[in-house]
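With these hints in hand, go ahead and build the complete structure from the sequences.
Spelled out, the chains give:
There are 4 protein chains.
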Amino acid sequence: MSDFSDLKQACYEANMELNALGLVVYTFGNVSAVDRARGVFAIKPSGVPYADLRPADMVVLDYENNIIEGVLKPSSDTKTHAWLYKTWPGIGGIAHTHATYSVAWAQAQRDIPILGTTHADHLTEDIPCAAPMQDHLIAGDYEHHTGIQITDCFRERRLDYAEVPMVLVGNHGPFSWGKDAAQAVYHSKVLEEIAQMAFLTLQINPEAPRLKEALIRKHYERKHGPGAYYGQ
Amino acid sequence: MSDFSDLKQACYEANMELNALGLVVYTFGNVSAVDRARGVFAIKPSGVPYADLRPADMVVLDYENNIIEGVLKPSSDTKTHAWLYKTWPGIGGIAHTHATYSVAWAQAQRDIPILGTTHADHLTEDIPCAAPMQDHLIAGDYEHHTGIQITDCFRERRLDYAEVPMVLVGNHGPFSWGKDAAQAVYHSKVLEEIAQMAFLTLQINPEAPRLKEALIRKHYERKHGPGAYYGQ
Amino acid sequence: MSDFSDLKQACYEANMELNALGLVVYTFGNVSAVDRARGVFAIKPSGVPYADLRPADMVVLDYENNIIEGVLKPSSDTKTHAWLYKTWPGIGGIAHTHATYSVAWAQAQRDIPILGTTHADHLTEDIPCAAPMQDHLIAGDYEHHTGIQITDCFRERRLDYAEVPMVLVGNHGPFSWGKDAAQAVYHSKVLEEIAQMAFLTLQINPEAPRLKEALIRKHYERKHGPGAYYGQ
Amino acid sequence: MSDFSDLKQACYEANMELNALGLVVYTFGNVSAVDRARGVFAIKPSGVPYADLRPADMVVLDYENNIIEGVLKPSSDTKTHAWLYKTWPGIGGIAHTHATYSVAWAQAQRDIPILGTTHADHLTEDIPCAAPMQDHLIAGDYEHHTGIQITDCFRERRLDYAEVPMVLVGNHGPFSWGKDAAQAVYHSKVLEEIAQMAFLTLQINPEAPRLKEALIRKHYERKHGPGAYYGQ
Numbered sequence: 453m454s455d456f457s458d459l460k461q462a463c464y465e466a467n468m469e470l471n472a473l474g475l476v477v478y479t480f481g482n483v484s485a486v487d488r489a490r491g492v493f494a495i496k497p498s499g500v501p502y503a504d505l506r507p508a509d510m511v512v513l514d515y516e517n518n519i520i521e522g523v524l525k526p527s528s529d530t531k532t533h534a535w536l537y538k539t540w541p542g543i544g545g546i547a548h549t550h551a552t553y554s555v556a557w558a559q560a561q562r563d564i565p566i567l568g569t570t571h572a573d574h575l576t577e578d579i580p581c582a583a584p585m586q587d588h589l590i591a592g593d594y595e596h597h598t599g600i601q602i603t604d605c606f607r608e609r610r611l612d613y614a615e616v617p618m619v620l621v622g623n624h625g626p627f628s629w630g631k632d633a634a635q636a637v638y639h640s641k642v643l644e645e646i647a648q649m650a651f652l653t654l655q656i657n658p659e660a661p662r663l664k665e666a667l668i669r670k671h672y673e674r675k676h677g678p679g680a681y682y683g684q
Numbered sequence: 453m454s455d456f457s458d459l460k461q462a463c464y465e466a467n468m469e470l471n472a473l474g475l476v477v478y479t480f481g482n483v484s485a486v487d488r489a490r491g492v493f494a495i496k497p498s499g500v501p502y503a504d505l506r507p508a509d510m511v512v513l514d515y516e517n518n519i520i521e522g523v524l525k526p527s528s529d530t531k532t533h534a535w536l537y538k539t540w541p542g543i544g545g546i547a548h549t550h551a552t553y554s555v556a557w558a559q560a561q562r563d564i565p566i567l568g569t570t571h572a573d574h575l576t577e578d579i580p581c582a583a584p585m586q587d588h589l590i591a592g593d594y595e596h597h598t599g600i601q602i603t604d605c606f607r608e609r610r611l612d613y614a615e616v617p618m619v620l621v622g623n624h625g626p627f628s629w630g631k632d633a634a635q636a637v638y639h640s641k642v643l644e645e646i647a648q649m650a651f652l653t654l655q656i657n658p659e660a661p662r663l664k665e666a667l668i669r670k671h672y673e674r675k676h677g678p679g680a681y682y683g684q
Numbered sequence: 453m454s455d456f457s458d459l460k461q462a463c464y465e466a467n468m469e470l471n472a473l474g475l476v477v478y479t480f481g482n483v484s485a486v487d488r489a490r491g492v493f494a495i496k497p498s499g500v501p502y503a504d505l506r507p508a509d510m511v512v513l514d515y516e517n518n519i520i521e522g523v524l525k526p527s528s529d530t531k532t533h534a535w536l537y538k539t540w541p542g543i544g545g546i547a548h549t550h551a552t553y554s555v556a557w558a559q560a561q562r563d564i565p566i567l568g569t570t571h572a573d574h575l576t577e578d579i580p581c582a583a584p585m586q587d588h589l590i591a592g593d594y595e596h597h598t599g600i601q602i603t604d605c606f607r608e609r610r611l612d613y614a615e616v617p618m619v620l621v622g623n624h625g626p627f628s629w630g631k632d633a634a635q636a637v638y639h640s641k642v643l644e645e646i647a648q649m650a651f652l653t654l655q656i657n658p659e660a661p662r663l664k665e666a667l668i669r670k671h672y673e674r675k676h677g678p679g680a681y682y683g684q
Numbered sequence: 453m454s455d456f457s458d459l460k461q462a463c464y465e466a467n468m469e470l471n472a473l474g475l476v477v478y479t480f481g482n483v484s485a486v487d488r489a490r491g492v493f494a495i496k497p498s499g500v501p502y503a504d505l506r507p508a509d510m511v512v513l514d515y516e517n518n519i520i521e522g523v524l525k526p527s528s529d530t531k532t533h534a535w536l537y538k539t540w541p542g543i544g545g546i547a548h549t550h551a552t553y554s555v556a557w558a559q560a561q562r563d564i565p566i567l568g569t570t571h572a573d574h575l576t577e578d579i580p581c582a583a584p585m586q587d588h589l590i591a592g593d594y595e596h597h598t599g600i601q602i603t604d605c606f607r608e609r610r611l612d613y614a615e616v617p618m619v620l621v622g623n624h625g626p627f628s629w630g631k632d633a634a635q636a637v638y639h640s641k642v643l644e645e646i647a648q649m650a651f652l653t654l655q656i657n658p659e660a661p662r663l664k665e666a667l668i669r670k671h672y673e674r675k676h677g678p679g680a681y682y683g684q
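Residue numbers (our numbering), protein chains in the order written: chain Y, 453 to 684; chain E, 453 to 684; chain D, 453 to 684; chain P, 453 to 684.
Be careful, since some hints might not be right.
One copy or two, either will do: identical chains are not told apart, so a pair holds if it fits within one copy or between any two.
As the list claims (entries may be wrong) - Below are the DSSO-like pairs computed for lysine-lysine, each with C-alpha atoms no more than 27 Å apart in a straight line:
| # | residue 1 | residue 2 |
| --- | --- | --- |
| 1 | LYS531 | LYS664 |
| 2 | LYS631 | LYS525 |
| 3 | LYS675 | LYS525 |
| 4 | LYS664 | LYS538 |
| 5 | LYS675 | LYS631 |
| 6 | LYS538 | LYS670 |
| 7 | LYS525 | LYS670 |
| 8 | LYS675 | LYS664 |
| 9 | LYS670 | LYS531 |
| 10 | LYS675 | LYS531 |
| 11 | LYS641 | LYS538 |
| 12 | LYS631 | LYS538 |
| 13 | LYS525 | LYS538 |
| 14 | LYS631 | LYS531 |
Think of the hints as simulated: they come from the structure by calculation, not from any bench.
Quick look at the structure:
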């Protein structure tokens, strides 16, 4: 009997939800869930089809990438997750996909501009696209450096990971996070919706203006912060 | 036992249909149904997933936004619905979504031009996109002002809400209405189809002309008015 | 017991297939099937949802639009079907949809150019878009004139309806036909696929050339005519 | 009892998977599987709907297109498959589709540029689009020449079929291959995803740069070669 049954179950369910939402084909994605009290996270094993996945297959590691429990190899992106958990103490889950519209913006190396209230309901900033990595970092510990690439992007742009729960890694694809693994998956889906809407908006009107500040504030505050009045 | 069982049931079914038609992800939408004789309407509760929704969860309010029955908080857009019911006595139901193509046109701040008979089968005008709200109104009673934004748009453009059963709120998304909640949802779906067709048409031919007046009249009158001969 | 049970059954099945293929929303489409020996055709009733449709609901008419059997009103497009059956003796079924990409080309008032072998497997010509109707014809017997609009287009362009089993009616949408109602529906689906592929091709490369004549001939003759070697 | 039961079963399953993945409509596609020890391959029969297909229907041929077992006519593209098996000894299965985005690039006569890591996870080169065939070859043994068209393209561009498991045949559509039929189908799906992502990327940013060499190498080597660390 595993000491990490609940953590692995939550991780498993979030991975299956990623698939059910149509955000991944084959094994092109992964979700992890963290247990802050014990300093470990569970993550999907590498390259295992969703149809074959079981909760017990989840791999448990610490923030230094040491395997604590599990017989399968963890996701090849594990070091990126570990770095984000280590650097950003407030996140409880991380999701990574190759969802179509999110990847298209990442490949275009463009931030997704905030154009409407669907975006502002979730964050007040353009969704950042982190610049591609320098060659010497790629050749080194690549997945670890992908984590640094993300946190550097946020530091340089003075973004708060608690307010901007998603990023595009240039040329690669999206990562998102949240209070737990389920919310990380939710943010992956929201990002894909926003990415498609922004694409279409700029096709219809290449001069479509950025959402004005008063609307950004209003919609975000409807859902977040002390005056929030959305939900039960 | 509720005095409003039938109203709440109709409201519930229309909300579930909105979801079944693929017009919403998560809780990004809401439908209401009105009982004109009693001066009340039922609306979806705020932020409750469709899978968990039950007819009894619908919230009943009067046109001044007083809760008449219900334990959950009503949709955050409730005041917009209330204003529309109060101002336009002929509507029986209202739907609001963040459907992809409809939102794209709203974010592009463009009216959807009437380009073909699918559009003319339902209305004879371009689908209006209401201009974004002024900042002092956003900061105030926002959802109430969204209702005013819609009715002002119709008054200024001399549009008849009985003939144009849908609108895009600039930067936000679509609202639609009808003789009942089911027809409001129907108009949301029709709007999304028209929005996609118009997008594709202008991609193929940016100079595609507006539908000529004789065809607009003919198609509309096939389905509406004294000489209508569509349907049973 | 109906004398037209088989005809009505074939018509019913073709209508249901149109819906199953995702070519229609609500009641935006119709299929008919003809019995040449008896000079009658069966068609979908007007405005009846697919979920409620039964084989017995199909309406049987002659080519002069006299109802031979049926209690419901036939499709509002019935006179278009009747004219085509009367004018083109070789067709056994007709389908009409408002499928998204087909409608977009019709609204753009553009022929769909032959750009690849998927198109050439089915026809050797660009898919014609008939010019919008003159105003005095619209004001008159509109659906009858829509039929004439289609046959005039084929006569003026010297197209053979046996070789070009589909057309776009400008500003409106597609009609297709075939040896029977099932093949008419098949051609509606093929048209929608070709319409989407051609749209995407020209987005990728606005200068994409027309398919060369040798390939057009080769692919068409693989599937049609004396030397055909496709299928069993 | 067939001597080729296993081969035919594998071929059947791969064809059904092609359909389940949404890569084909009607019968617009085919997959084959080879038995290198016996010098034969099994392929889908021509024009048989997927719903009616049974493992026993697969047709077995040698590389000279002689039927070894089977009562149905093999796919009209059989000679293309035979040539590829004969010329490229390392492939174990081949798939051909008319998938929408792949066909669009083929019709546009454009290579699909390598723009991101989804592409680099599978191959390090742009996906080649073979130039349309010369007229005298089309008029001759067309499907045989399609095979030559593909292998000539690879020879002229100095591409290795083991590293580039897919191609677009100009004006026609994609072929893909792999160690077995299942992997050939996998590559068809991957190609369609890459084709859609590249289309969208260039719509968002027509100047989107090619993926840099260091990232191409890194992602490919994560999944392939001696240092691969993806999967179990």
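Against the structure, the hints come out as follows:
Taking the shortest alpha-carbon separations for LYS531 and LYS664, only the inter-copy value of 22 Å comes in at or below 27 Å, while the best intra-copy value is 38 Å. For a Cα distance limit of 27 Å, the shortest separation of LYS631 from LYS525 qualifies both inside one copy, at 26 Å, and across copies, at 24 Å. Only between protomers do LYS675 and LYS525 lie at most 27 Å apart by alpha-carbon distance; the minimum there is 14 Å, versus 39 Å within a single protomer. In the homo-oligomer, the alpha carbons of LYS664 and LYS538 never lie at most 27 Å apart, since the shortest distance is 35 Å inside one protomer and 29 Å across protomers.
Taking the shortest Cα distances, LYS675 and LYS631 sit within 27 Å of each other inside one copy (15 Å), while across copies they are farther apart (32 Å). Proximity of LYS538 to LYS670 under the C-alpha cut-off of 27 Å is restricted to the inter-copy arrangement: shortest distance 25 Å between copies versus 33 Å within a copy. Only between protomers do LYS525 and LYS670 lie at most 27 Å apart by alpha-carbon distance; the minimum there is 19 Å, versus 45 Å within a single protomer. In the homo-oligomer, the alpha carbons of LYS675 and LYS664 lie at most 27 Å apart inside one protomer (18 Å), although the nearest pairing across protomers, at 40 Å, exceeds that limit.
Taking the shortest Cα distances, LYS670 and LYS531 sit within 27 Å of each other only across copies (15 Å), while inside one copy they are farther apart (37 Å). Only between protomers do LYS675 and LYS531 lie at most 27 Å apart by alpha-carbon distance; the minimum there is 16 Å, versus 32 Å within a single protomer. In this assembly of identical chains, LYS641 and LYS538 lie within 27 Å of each other by CA distance solely inside one copy; the values are 25 Å within and 36 Å between copies. With identical chains, the CA atoms of LYS631 and LYS538 are at most 27 Å apart within one copy only, with a shortest distance of 15 Å there and 41 Å across copies.
Proximity of LYS525 and LYS538 under a CA criterion of 27 Å is satisfied intra-copy only: 21 Å inside one chain copy versus 38 Å between copies. In this assembly of identical chains, the alpha carbons of LYS631 and LYS531 lie at most 27 Å apart only when taken from the same copy (20 Å versus 31 Å across copies).
Violated hints amount to a single one, hint 4; each of the other numbered hints is respected by the structure.
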